[in-house]
Amino acid sequence: MIAIDIIILALLAATAVTIARIRDLWAAVMFTGIYSFLSASWMLNLDAPDVAFTEAAVGAGISTVLMLSTLALTGFKQGRSGVRIVPLLAVVATGGILIYGTLDMHHFGDPNAPVQIYPKESFVQKSQPDMHGLPNVVTALLASYRGYDTLGETAVIFTAGTAVLLILRREKPRSSRPGSPESDSPESEQNTEGASA
Amino acid sequence: MTHLFLATSIAILVTMTLALIRAMLGPTVFDRVLALNMFGTKTVLLICVLDFMSGRDDFLDLALLYSLMNFIGMVALLRFTEFGDFGGENLE
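Just so you know, the sequences run in chain order A and B.
Oh and the first sequence: position 69 is 69 in this note's numbering, straight run, nothing missing.
To convert, count from 1 in the second sequence and add 197; that's this note's numbering.
If we strip away everything but chain B, and leave its shape as in the complex, we get:
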């Protein structure tokens, strides 16, 4: 069972490497945004796999926090790309 988890995490890490390469090469902004979003998702998956591999279920909260942070960061990045600032009244 541990071998299965190990193989899964290695596969996720390979996907993370590919996403990182896309983010490095990415000619447009949206390639990079997509790569970063995918990277965050893969991090959440990696945390879950590590969690089950080490046999302690209390890291799943951390995976939840990561997906929230990924979402917030993504919204901030996209708003910023669209408007040039965060588009809020309090910044003016």
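Next up, chain A with everything else stripped away, as it sits in the complex:
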């Protein structure tokens, strides 16, 4: 299992470097598909099938389609950009801080980790007065404590979806602007250029 983990992580790193370096954005979208397939199978290897499920559906399915429709609006080639020192240093420093932060984490599957021992007793003892007499602990956890969590997640996902749809729809009022009869031609020209790229 360790060998599989190491190989998958190496493939993930190679894919990420390729995504960062490639100039053909169409190929970059394809590499993001490969990346999410790889990361989902890695999560499956770590015994997290629900996360892998979400990653497969959202990462490999929806986001590929969304990125392709974005490319239809923006074009396929990225302009030239050299290596800039300050952003590179900022990224390296942030990564170093994050790796330093993982040193304090408990070992994977550690039975003494707080997530394994901490919340159970307080939830059992306090859920009834907290939830105004709800008799079932499982109902209290799912419907009340996690209800806030789910509400927040739903708000975030709704906002993100609205933003993506607004970005993808941006061309429409511009092309149907009154007083420009040939307003459709730049869009179709852009599309044929995209198909030949």
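The hints are simulated quantities; they were obtained by calculation from the structure and are not laboratory data.
Every residue, glycine too, gets a C-beta built ideally from N, C-alpha and C.
Please note: incorrect hints may appear among the correct ones.
Stated by the list, open to error - Below, computed lysine to aspartate or glutamate pairings styled on EDC-like, alpha-carbon distance capped at 20 Å:
| hint | chain 1 | residue 1 | chain 2 | residue 2 |
| --- | --- | --- | --- | --- |
| 1 | A | Lys77 | B | Asp248 |
| 2 | A | Lys126 | A | Asp149 |
| 3 | A | Lys77 | B | Asp228 |
As the list claims (entries may be wrong) - Computed spacing ranges between beta-carbons, pair by pair:
| hint | chain 1 | residue 1 | chain 2 | residue 2 | range |
| --- | --- | --- | --- | --- | --- |
| 4 | B | Thr212 | A | Ile62 | 24 to 34 Å |
| 5 | A | Gly95 | B | Asp258 | 31 to 41 Å |
| 6 | B | Val211 | A | Gln128 | 31 to 41 Å |
| 7 | A | Glu121 | B | Val226 | 54 to 64 Å |
| 8 | A | Ile2 | B | Ile218 | 22 to 32 Å |
| 9 | B | Thr225 | A | Tyr145 | 52 to 62 Å |
| 10 | A | Leu151 | B | Leu222 | 43 to 53 Å |
| 11 | B | Glu279 | A | Gly147 | 39 to 49 Å |
| 12 | B | Val211 | A | Leu141 | 36 to 46 Å |
| 13 | A | Arg80 | B | Val226 | 19 to 29 Å |
| 14 | A | Lys77 | B | Ile218 | 22 to 32 Å |
Position chain B against the provided structure of chain A, taking the given hints into account.
Coordinates of chain B only, in the frame set by chain A:
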């Protein structure tokens, strides 16, 4: 038996590496499409092997979902390459 599964998954991972190299080098669009499709298929196989290796049969649904996602993504990519958009009326 576990050694057999491990050897199989390593072989699948080697194939995935070769497909990834093809996708990186691939001069034409269709080399890359083929590499990505093969990569998705190998992912499905890898999930099945991991599933049997860990002895829990409930990941096979995930393999099904992966093959569906691979198919949908492939159709979207090919339509997009062919038409320049998704070719649907609702986008116009």
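**OP:** Below or equal to 20 Å on CA atoms is what counts here, so check Lys77(A) against Asp228(B).
**Re:** Given that 20 Å is the threshold and the Cα spacing comes to 19 Å, the pair holds.
Original post:
Glu121(A) and Val226(B), beta-carbon distance inside 54 to 64 Å?
Top reply: The hint (54 to 64 Å, Cβ to Cβ) holds, given that Glu121(A) and Val226(B) are roughly 59 Å apart.
**OP:** Verify the proposed pairing of Lys77(A) with Asp248(B), using a straight-line Cα cut of 20 Å.
**Re:** Cα-Cα ~40 Å, so violated.
Original post:
Glu279(B) and Gly147(A), beta-carbon distance inside 39 to 49 Å?
Top reply: The hinted range 39 to 49 Å holds for Glu279(B) and Gly147(A), with Cβ atoms some 46 Å apart.
**OP:** May I ask you to test the hint 24 to 34 Å on the CB atoms belonging to Thr212(B) and Ile62(A)?
**Re:** holds (27 Å)
Original post:
Are Thr225(B) and Tyr145(A) spaced within 52 to 62 Å by their CB atoms?
Top reply: holds (54 Å)
Subject >> Distance restraint hint 31 to 41 Å, applied to the beta-carbon atoms of Val211(B) and Gln128(A) >> reply: Given range 31 to 41 Å: violated, Cβ gap about 56 Å.
**OP:** Indicate whether the distance between the beta carbons of Val211(B) and Leu141(A) respects the range 36 to 46 Å.
**Re:** 45 Å Cβ-Cβ, so the 36 to 46 Å window holds.
**OP:** Mind checking the hinted window 19 to 29 Å against the Cβ distance between Arg80(A) and Val226(B)?
**Re:** holds (22 Å)
Original post:
Between Lys77(A) and Ile218(B), does the beta-carbon spacing fit 22 to 32 Å?
Top reply: The hint (22 to 32 Å, Cβ to Cβ) holds, given that Lys77(A) and Ile218(B) are roughly 23 Å apart.
**OP:** Determine whether the Cβ-Cβ distance between Gly95(A) and Asp258(B) falls within the hinted range of 31 to 41 Å.
**Re:** Holds - the Cβ-Cβ distance for Gly95(A) and Asp258(B), about 35 Å, lies within 31 to 41 Å.
**OP:** Could you check the hint for me, namely that Ile2(A) and Ile218(B) are 22 to 32 Å apart, CB to CB?
**Re:** Because 24 Å falls inside the window, the suggested range holds.
This entry does not satisfy hints 1 and 6, going by the numbered hints stated previously.
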